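**Student:** Here is what each chain is made of, one letter per residue.
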Amino acid sequence: MRKVIAAVAGLALVVGGVAMTGGTRTATAQGGGTIEAEVKYNGAAVIDKLKVNKDVEKCGTEAMIEKIVVGGTKGLANAVVSVAGAKGAATAKKASVDQHGCKFVPHVTAMTAGELELKNSDDILHNIHTYSTANPSINKAQPKFKKVMTEKFEKPEIIKLTCDVHSWMLGWVAVMPHPFFGVTDGNGVTKIENVPPGKQTVEVWHETLGKQTKEVEVKAGQTTKVAFEMKK
Amino acid sequence: MRVAVVIGLLALGGLPLSASPSFAQAGDANAGKVVYGRRCVGCHGVKGDGKGAAAELLTPAPRDFTSGIYKIRSTANKIPTDKDLFDVITYGMPGTSMPPWSVLPEKDRWNLVAYVKSFTPEKFKEAPKKQGLPKEVASSAESIKRGKEMFEAIECNKCHGADGRADGPSRPELKDEWGQPIAPANLTKRWTFRGGASRVDIATRLATGILGTPMPSFIDSVEKPDDIWHVTNYIASLGPESPSYATLLTASAVKDAIPDDPNAEFWRKIPVQHVPLMGQVIVDPRNFNPAIDLVSVRAAWDDKEIAFQLTWDDPTLSQPDGKQVSADVIALQFPPSVGTGTERPYFLMGDTSDAVYQLRWEHGKGVVEATANGPGKIVPLEGSEATGKGVFQNGQYRVVIKRPLASKGASRLTFRPGVFTPIAFQAWDGGAGETGTKMSLTSWYYLRLEEPQSNRRFVIPPVVALMTLAAMLLVVRAANRRR
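Top to bottom, those sequences are chains A and B. According to our numbering, the first sequence holds residues 4 to 235 in order. According to our numbering, the second sequence holds residues 40 to 522 in order.
Please note: incorrect hints may appear among the correct ones.
DSS-like mimics (lysine-lysine), calculated; alpha carbons at most 25 Å apart, straight line [as the list claims (entries may be wrong)]:
hint : chain 1 : residue 1 : chain 2 : residue 2
1    : B       : Lys169    : A       : Lys143
2    : A       : Lys143    : B       : Lys343
3    : B       : Lys187    : A       : Lys57
Everything labelled a hint here was simulated from the structure, so no lab data went into it. Quick caveat: nothing in here was measured; it's all calculated off a predicted structure.
Given these sequences and hints, build the entire structure.
**Tutor:** What follows is the structure, given as C-alpha cells:
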C-alpha cells in the first residue's frame, strides 16, 4: 500500500515537474500557488574593491567583490529564497555558471541536484575550486581552450565557488532538494511558482547576511506575497 | 602471510613488482599511536590537529590530520592510498619541516599510517580511486618543446612564473584551504617538490592536483592526454633532480676584462658553484623559514681585480616601504686579513674583538664595503672602490660585485692567488620581511683564486718531450755503435 502511494506521489511529482517546464499557466491550473518574495536590506551595500595585477584586458583594472548588493528600493540581490522542507523532482533545465570578466555569472546560482555547466568565456585560465562538505569538493583547472566543463552535485547544500588564479572571484551554487526556489534580482524580488498549496515555510539565505524564515499560506492559483528584511 | 601475498601476486601474473620494497600492509593503529607519541606529537599534536609545540614556527604548517585532507595522493578522489601515506612518512616532504622517517622500522611506518587514518575514519570509508596516467612519454627535445607550449597554454605561469621560479602574478593571493598564504613550487628546484622529484611524481601531481592547496587537477584540462607527460618533461627540464653543492669555491683566472654586466656572455664560461643557505636562528629575531635557500656563485679574477657573479631566486623585486617590505640585499663576507692559522672571525658578522669585512649589494643602492662587529654593528667603509650591478628578471637576481685585488688599509682584505680565503654569504628577501638578523646565511666556506696558468705549459712539455726523444736517439745510436 505504502509503495503504491509512493509511486503515485512520484508520478505526480514527475508530471508536476514536466508541467512546470512546459509553462506556468498549466501548472497553476493544476493547483499550485505562487510565492512572490521581496527581500530588503536596510544597510549599505558592501562591495570590496581590489586592484588587479594580471589579465587586465579580461578582468579590468579593478575587481569588485560583491558581498552585499543593494538595489534602488533597498532590495537585496543574490539571496536564495526557497520553500523549506518541500519535495519535488529536479528541473529539466541544466544550471549554468559562466566565468566572464573574471566573475562568476550569475554570482548566485540555484539548482536541483544534478549537473552544473561551468563555462569559461574569458579565454584565460581559471580554476574551479569548490568548498563543500556533502558533495566532493573539486579543484579543476579550466584553461582557455576548455570552454565548458560539467560537474555533478548530487547532494543538497550551498557550495562556495572560488578561483585561485583570481582570488577575488567568488560565486555560490545552492543545490536544492526540490524545485521550489528562486534567486532575488537587482530589486530583491523573486517568484517561486507551482508551490503546493497550504502552510509553507519560506527560507531566505544570503552569503553575508545569513538565513531567515517566514510562514506563509499558499493558495492554489494565487500569488502570496512575503517580505523579508535582512539584518547584519 | 607475507608469503601468501607474494604468491598471490605471482599467481596473478604480470603484476609489476615495483621498485619499492614495501607491499601495503595493514597497520595496527594502537601500535602506531605509541610511535606517534614518540615521533610525531611535537609538530602534529596529541590530537593530530597539527597544533604541536613546534607548530607555530613552521611554514608550511604541520598537517592537521583531523581534516582528513592529504596533499599527496595518487588517487582521483580525495582519499589517499595507504601507500601514499606510507611514502610521505618514509620520504618526508621535501622543502618542509617533515623529515623522511625511513629510519623507523617499516612495520612502525605502516602502524603510523593506520593511526593517522584513525583520526578521520569517516573520510576513509570511501575507497581510494587510483588516478590512471596516460602511457608514459619519454623525454625528448620534441616532447619538451610541446610541454613548453602546453605550459603556456594552460598558464602554469600564473602561479609558477614564466620561468617556473614561483613568481607568477597570482602568487601573493594564493591561500590554502585554511586561509593561510601558500607559495607555489619553484619548478627549477625539483628537490623541493613535496611529493617527490621523479617524472612519475610530477605527472601524478599534475593529474590529481594537490588537495587543500590552489593547485588544481589538470588530467582533463590539457589538449591531449599525452600533454600531461609533455608538461612533465618540460618541468623536469627546468632544473636538476637534486642540487650539487660546492664545498670549495674557486675563482677562475682570466685574461679578458671582467664585465660588469651580470648577463654578459663572459659569465656563462665561468663554472657555476651552488651554495646552500640556512635561516639565521642564533640571535633574535630569528628566521625559521628563510626565503632564500640557494646562491649560485661564479667568480673570476685577473691581475687587477676580482669579481663575483651571484644568482639567486626571489619572487619579488622589493620596494622598501619602511614597514613590511625591506630591501633585497646580498652580502659577501671575508675576514679583514688571512692569517697563517685556521682562526677566523665569528661567522655571524664577527664579534667585538674580531671584525669581518663585507661586500654588500642592495637593490637600488649598489655595493658598499663595510666592517661588522656583530649583527647590527655594520659600519660602511669610507672611499669604497667596490662596484656592482644587478638585474632582476622573472623571479631571479643576478648581481656582479667587483673589487680591486689589493686592499686599502687594514680593514679590507687583499686577495691573493693560491691562498685559501674564508668566505661566507648572507642574503635577505625584503619582500618576505627579511631584514637585520632575519636572514639566510652560510658559515665559512673557502675561496681559492686559481693560479694563473702561464703559457709555459704549452712550451715546457714539448721541449721535455723533444729532449727525451733526443736522449733516446743518442742511447740507440750508442748501442748500435757498440755492436
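**Student:** Give a verdict on every hint.
**Tutor:** Against the structure, the hints come out as follows:
no., hint, verdict
1, B:Lys169 - A:Lys143, "holds (17 Å)"
2, A:Lys143 - B:Lys343, "violated (58 Å)"
3, B:Lys187 - A:Lys57, "holds (21 Å)"
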